[in-house]
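Put chain B on the given structure of chain A with help from the hints.
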Amino acid sequence: MTVQYEDLQPLAERVMKRALELGATEASVATSRGSHVTIQRRERQTEQATEATTQGLVLAITKGDRYTSNSTSDLRPKALDSFIQRCVQTADYIEPDEYRRLPDLDQCGRGISEAALDQDDPAWGRRTATERTDHCAQVEEAILALDLPERISTTAYVADGRSEAVQVLSNGFSDRTAGAFFTVGGQTTVAESDKRPEAGAYYAARHLGDLPDPDLIAADVAERVRRRLGSSPTASGQYSMLVENRMAGRILSILSGPMAGSALHHGRSCLNGRLDTKIASDVLTITDDPTIPRGLGSRPWDGSCLVAKPRTMIENGVLKNYHIGLYYSRKLGVQPTGGGRSNWVVKPGDRSFEDIAKELPKAILVTGFLGGNSNSTTGDFSFGIQGLLLENGEVVQSLSEMNVAGNLLTILDNLVEVANDPWTWSTVRSPAMHFANVQFSGRES
Amino acid sequence: MSPNPSPLTWFQQFGIDEDTLKIVLAEATAQGADDAELYFEHSLSTAVGLSDGVVDRAHTSIDLGMGVRVVVGDQVGYAYTEDLSKDRLLRAARTARAIAHTGHGHGPIAIELNKSRPDFYPVNRSWSDVELSVRVPMIRDWEQRAFAKSDLIEKVQVSMGDADKYVLIARADGTVIADYRPMTFANVTATAKRGEVRESGSYNVAARHDLSYYDPDRQERMVDRAVNYALRALDAEAAPAGEMPVVLAAGSAGVLLHEAIGHGMEADFNRKNISIYASKMGQPVANEHVTVVDDATLAHARGSINVDDEGSPVERTVLVERGVLRSYLHDRISARHYGVNPTGSGRRESFRHPIMPRMRSTYMEPGPHDPEEIVKSVKKGIYCEVFGNGAVQIGAGDFSFYVRHGQLIEDGKLTTPIKDVNLIGNGPDVLEAIQMVGNDLVIDEGGWTCGKDGQGVPVSQGMPTVLVGNLSVGGSKS
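Protein chains in written order, with the working numbering: chain A, 855 to 1299; chain B, 113 to 590.
Next comes chain A alone, as it looks inside the complex (with noise of 0.2 angstroms):
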C-alpha cells in the first residue's frame, strides 16, 4: 500500500494557519507517514513479524521570540486543536531568543532533486508478504548451510519501510520528501566451552536491489563467527591499530561531538578555534556529502530546512568546517554549515588492506567495539574492542577483553594510511584505516 501526499499538505497548513491565528509569530509543521514491516525467523520458522503504519506531527513556533516545540501521534480533529493552543500558550512561560527565528525563505530550499537523490524504490509499494518471508529465509538458510562447527542459534531478519513528510514552514517555503530504507542481516551464536561466542552482519539500503546476496551475507556472518573463536586478551601496550572499513565509523564518531555548533557555543570541544589547521595526518580527508543518490544519511535540507550541499570537513588534515546549524550559527556569528552529519565520506587511499596490513610485523585489527565514550571538551576517548592479533597480515590471536584509548587529536595525527576498501552500507563511508602506536589494556605483560 502507498500512502498519499494529498492530505499530508492540506493538514500541515490547516495546522500552521492556526497556530498563526491563535498568536503565534512564526511557525514550522512538518506532517508525516509511513508504514514499515520486519520479519525475524529462527529455526526455520518466523519468530516475529511486526507490522505497522505510522502518523505524526511536529509543530514548532515562535511567539514574540519565544519558542516551543511540540510533537503528537493524535491527529483526530478535535484534539489536534486542543494541541495547537497548548503550543501557542507554552510559549507564554518561555523566554525570549531571537536566535529560534526561522530562516529566510532564500535560505531555504532543495540541494538536490527528489529524482536525483533517487531514494524512493518503487520495489518498495510491490513487495509482498511472502517475498519478504522467503527473503528472510533465504539469508537463514544460506547461515545454515555454511559449516560452523557446535552451531546454537541462527537468527536472520529483513525489514523495510517507507515514509513521506512534508514541511511547510510559516516563511513561504513548503516541499515534500519520500523515501524507502531495506535492510537485511544474520546471527549466530556457536558454543565453545563455557562461551557462546556470536556474531552477525547487517546491511542497509534505500533500494530492495542493492542489498547484497543472501550467500554474501552468509559468508561475512560466518566469517565474523569464526574470527570470535578461542579470544582472549593480549598484552597492554602501544600497538599499531588496523580498523576494519565498516568500523571506522566509530573512531571518527569521535570527532562529531566537537564538531557540533553546540559543543562550540559552549565550550565543550576539543576543535574550538582549530579550524583550518591542522588536525589529523595529512592522510585525511572527510567530505560531509547530503546529496549522494541513495544514501542512506542523504537528504535535500538540513534540519532548519536549508538548502544541503556537500562540504569538505577535513582536507588533507586540515579542519575546514564544522557542522553549525542555523541556530547555533546566530549565535556563534559564522555562516551554517548543516546541523549535523549527513554522509562522511572518507577519500580512499591507493592500497588494500592486506597490502597495509602485511607490511606491519605487529598490529591488532578492531573488528569490533564494545561501549566506551569520548569527551568531547578533551578529545578523551576509551572503548572496548574485540579484534585480532595480527602478525605480517596473518591472524595469530582472536581477541576480546581489551580497551583502546587516548586522545581524538593525537589519534589523527598518528593515522597513517587510509585503504582503498570504503564500506558503503552506512552513514560513514570509510576504509580501513591504519594507526601508529595507540595504547591498547589487556592481560599483564
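Keep in mind the hints are simulated off the structure, nothing from the lab.
Check before you lean on any hint, since a few could be wrong.
[What the hints assert, rightly or not] Dumping the calculated DSSO-like pairs for lysine-lysine here, alpha-carbon to alpha-carbon at most 27 angstroms:
id : chain 1 : residue 1 : chain 2 : residue 2
1  : A       : Lys1132   : A       : Lys1174
2  : A       : Lys932    : B       : Lys305
3  : B       : Lys589    : A       : Lys1132
4  : B       : Lys305    : A       : Lys1185
5  : B       : Lys277    : B       : Lys198
6  : B       : Lys277    : B       : Lys134
7  : A       : Lys932    : B       : Lys198
8  : A       : Lys1132   : A       : Lys1185
9  : A       : Lys1216   : B       : Lys589
10 : B       : Lys305    : A       : Lys1132
11 : A       : Lys1174   : A       : Lys1185
12 : A       : Lys1201   : A       : Lys1174
13 : B       : Lys589    : B       : Lys488
14 : B       : Lys589    : B       : Lys525
15 : B       : Lys589    : B       : Lys491
16 : B       : Lys491    : B       : Lys525
17 : B       : Lys261    : B       : Lys305
[Said to hold, decoys possible] Per the computed footprint, the stretches of chain B lying under chain A, defined by three or more beta-carbons under 8 angstroms from a beta-carbon of chain A, are:
id : stretch
18 : 191-204
19 : 561-570
We treat Cβ as the ideally placed atom computed from N, Cα and C, and that holds for glycine.
Quick look at chain B alone, frame taken from chain A:
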C-alpha cells in the same frame, strides 16, 4: 492518592470501551492463539531547558496508539496503529494474527475489570496539572546556584522533563488492567574553565514521582555534584592501563550488574540458549556475599512498574542468592517455555514495540564489609565513582562500562582524580572476582535507560561499595 484511572475511564475519551476491547481481541484471536493482548498507551510529556542564562526552549509531546500481539508457541505477530478508530484497530488485529495459524482457539472473551493491585508510585498530582510557570523558576534557581558555587564555572545548562503515561492492557483471557506511570527527569551540566582548560560535569535524577520529589536536599545535591565533577576534572589525570584491583563506589556502579549479569539473565536469551548463563541455573557464579536482585517494587524508582506491559503482576526477583544463580527474568513466552510463573519482566518501550524480558531496578544486596576497609585493602588500583554507559555481548559474556570520574588508590588511600576510562571484563569471571561487598547499598537516583534490540526502557540500579580483584582498565597511561 494517585491519579490512577479505572481501567477504561482514561481511554474512553478515545472511544475505547468494553465492546471495542472484546471485538478487537476476538479479531486478533479469530484463527487461534496461545496468547494475545492489546496495549493502549497515551503519554503527555513536557521538557523545558535553560542555557546562556535564558529559559529558551520548551518541548511538549503527545503519544497515542495501540499495539496488538498474537502469540503462537514461540512465534509472535505484532502490529500497531496510532489511529484508534475501530477499523484501524481491527486492521492491526488482523495483521498481527496473520502469523497465528496453529494456535489454540479462543472462545468468546469476557472482560474482567478493576483488579486491585499495589501502587509503587502513588502521587498527589499529575504532571499535566503542574504549570510551566512552576518549573521555570526551579531551573533558573539551579543555574544561579551553580554559578554561585565557584568563579571557575563558565557555563551552566539545565533541563527538566516529565511525563504522564497511561496504559491499558486487555488480555485474551479477558483481564483488563490500567496503570498510570508518572516520570520526572532533571539534569544540571556545569562547565568549568581554568586558564585554557575546560571540563564539564553533569548530574541527573529521575523517578516515578510528582513535584514533591524535588525536595531541598535533592536540588542542592544535583547542583553541587555537577559543579564538583566539573572542578575535579580540571585536576584529573589520565587513567592507568591494564589489569588491576577496582573498587566500585556505592550507587551507579550497578551498571556493572546490569551488564555483567542482568542482560544475561533475561530469559529470551536463555530460552534460545544463547546466553552465557543458559546452563548455569542453580550453580555458584559468585562468592557468598553476592546477592543480586531485579526489583519492580522499589517505591518511586525509575525502573518500577505496578504491572508489566503484558499485564502480569510484578515482583522482586532474586537472580543470584548468596552466589548461586536462582532465577531468570521472564515474560509470559519464556515462563511458558520453562513452566514457571512470569516474573513481571515483560516490558516494551512503547506501543510501537513488541514485549521482551527486561530489567527493572537491578542491585546487589549489602554485604558485610566496611566501605573504608575495602579501599584500605587495595595497594594499587582505581576507585570508580561516576558511571556512564555500558554494553554486553550476551553469548561471550564480555561487557564494558564507562567511568566518568574516579580516583587512584595508592597504598589504601584515595589520591589523584582520574576521568573518562572504559572498563572491560567477562561477566562470570568478574562476578567470581568480587572479593568484598560493602554494607552501604545505594540505589542510584540517576535517569538510566536500558537499550535492547532498539528499544529503550527506564531502569534503576544500585550497588554497595564493592572490590573487584582484577579488571581491565582502559586508560591511556601505560
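Here's how the hints hold up against the structure:
1. Lys1132/A <-> Lys1174/A: At roughly 9 angstroms apart (the allowed maximum being 27 angstroms), lysine 1174/A and lysine 1132/A satisfy the hint.
2. Lys932/A <-> Lys305/B: At roughly 51 angstroms apart (the allowed maximum being 27 angstroms), lysine 305/B and lysine 932/A break the hint.
3. Lys589/B <-> Lys1132/A: holds (25 angstroms)
4. Lys305/B <-> Lys1185/A: Distance ~20 angstroms between lysine 305/B and lysine 1185/A Cα, so the pair holds.
5. Lys277/B <-> Lys198/B: Cα-Cα ~22 angstroms, so holds.
6. Lys277/B <-> Lys134/B: holds (23 angstroms)
7. Lys932/A <-> Lys198/B: holds (18 angstroms)
8. Lys1132/A <-> Lys1185/A: holds (25 angstroms)
9. Lys1216/A <-> Lys589/B: The given pair, whose Cα atoms are some 21 angstroms apart, holds under the 27 angstroms limit.
10. Lys305/B <-> Lys1132/A: holds (24 angstroms)
11. Lys1174/A <-> Lys1185/A: Measuring from Cα to Cα gives roughly 20 angstroms; hence the hint holds.
12. Lys1201/A <-> Lys1174/A: holds (15 angstroms)
13. Lys589/B <-> Lys488/B: holds (23 angstroms)
14. Lys589/B <-> Lys525/B: Holds - the C-alpha atoms of lysine 525/B and lysine 589/B are around 20 angstroms apart, at most 27 angstroms.
15. Lys589/B <-> Lys491/B: It holds: about 18 angstroms lies between the C-alpha atoms, which stays within 27 angstroms.
16. Lys491/B <-> Lys525/B: OK: lysine 491/B and lysine 525/B at ~8 angstroms, within 27 angstroms.
17. Lys261/B <-> Lys305/B: Holds, because 14 angstroms separates the two Cα atoms, which is no more than 27 angstroms.
18. 191-204: This one holds; 6 residues, not fewer than the three required, reach chain A with a Cβ under 8 angstroms.
19. 561-570: Violated: only 0 residues of the stretch 561-570 of chain B have a Cβ under 8 angstroms from chain A.
In this structure, the hints that do not hold are numbers 2, 19, in rising order.
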